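A.B. asks: Working from the sequences, and respecting the hints, build out all of it.
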Amino acid sequence: MSVTVFAGESSWIESAAVAQCHQVAALDGMIHVAGMPDLHPGKGAPIGAAMTSRVLYPFLVGSDIGCGIAVFPFRLKKVVPERLAPRFPDLDEPVDLTDESLGTLGRGNHFVELAKVDAVLAETDLAVGDHVLLVHSGSRGLGERILRAHTETHGAGPAADPAGYLEAHDSAVRWASRNRRTLAARVAEALGAEVSEPIIDVCHNSVEVRDGLYLHRKGAAPGDGRQVLIAGTRGTRSYLVAAHAGADAGYSVAHGAGRKMSRADALRRGKAKHTIEELRRTPVGSHVVCGDRQLLFEEAPTAYKRIEQVIGDLVSFGLATPVLTTVPVITYKTADKHASHRGSRAGRPR
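Our numbering applies: residue -3 is where the sequence shown begins, and numbers increase by one.
The hints are simulated quantities; they were obtained by calculation from the structure and are not laboratory data.
Since the structure is predicted, the reported quantities are computational estimates derived from the model, not experimental observations.
Cβ atoms here follow ideal geometry from the backbone N, Cα and C, with glycine treated the same way.
Careful: at least some of the hints might be erroneous.
Pairwise CB distance ranges (calculated) [what the hints assert, rightly or not]: (1) D95 to E193: 15 to 23 Å; (2) L209 to R79: 49 to 57 Å; (3) A22 to S258: 22 to 30 Å; (4) D207 to D157: 19 to 27 Å.
C.D. replies: This is the structure in structure tokens:
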């Protein structure tokens, strides 16, 4: 029952998050908890952690099973952010009435982002100036229903039928991946772009059977020899890294910058510090499409840790090597209905 937090002395980690790691480590059957440098408190369990146990605990995965990030090469003839931003489709509206959440993004920290490669740090097929579409979303209501079916009977206890839970879990992971592809296709069609199969598609909330044990990830990306996109904020870079984490890190790496403020604090402080227009145009010159003013404050770049610090910790502990960085061009959170209406009359981009 050990706990290791992979963060340097200069990195700020909330004591409440570390306390949650130790609480999880005390659960029956728990072997090891690895906290990532983006670690922060969650509802009942830490976010930014990989947790290895002899027992399967659904609450350690949470309700958004399969939530993750996919990276799609995205080709546009001409990128004019002011023209493209109003053309993003309303991703609150499903594409299939028989599956009422397919093709929808969700709230919270979910986003679709048109980004540009601004630095190449290791061998890769992408080049500086190339565009990619980053899609961060999950299994929507499906994962929530799966967790609720467990908690209504067993609360935060272990799965009574691990095989049954894993079957439902795996379905949610597949659905979430399909949804990310559907979101990318919707945006490509609306912007008149060409989109390829994703070069990266990994989930952050999952459990897998590894070496006969259950490896739970809550806000942590698989780090066992694959490439991973670690998201910054809507006003900072994101990093694509080659991950090579071992057993002591739960074969995992960070999934993003990690919150440093609660949503309530971000809303209160943000209203005192920022205007709406400041949040819709970021320090890197990108546009944020978000019709929900409260969400704009909750998801402000200042509500998150410095992505450079997170990446620096991963590198210093030997968990990942940076491959390239991307900078936001347009980030979609929710539809700005007024802007979409204006854009719909302007014709398609050329």
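A.B. asks: So, for every hint listed, does it hold in this structure?
C.D. replies: Hint-by-hint comparison with the structure:
Between D95 and E193 the beta carbons are some 21 Å apart, a value that agrees with the proposed interval 15 to 23 Å. At about 51 Å, the CB distance of L209 to R79 agrees with the hint of 49 to 57 Å. At roughly 25 Å, the beta carbons of A22 and S258 sit within the given window of 22 to 30 Å. Checked against the hint of 19 to 27 Å, the pair D207 and D157 passes, with Cβ atoms roughly 22 Å apart.
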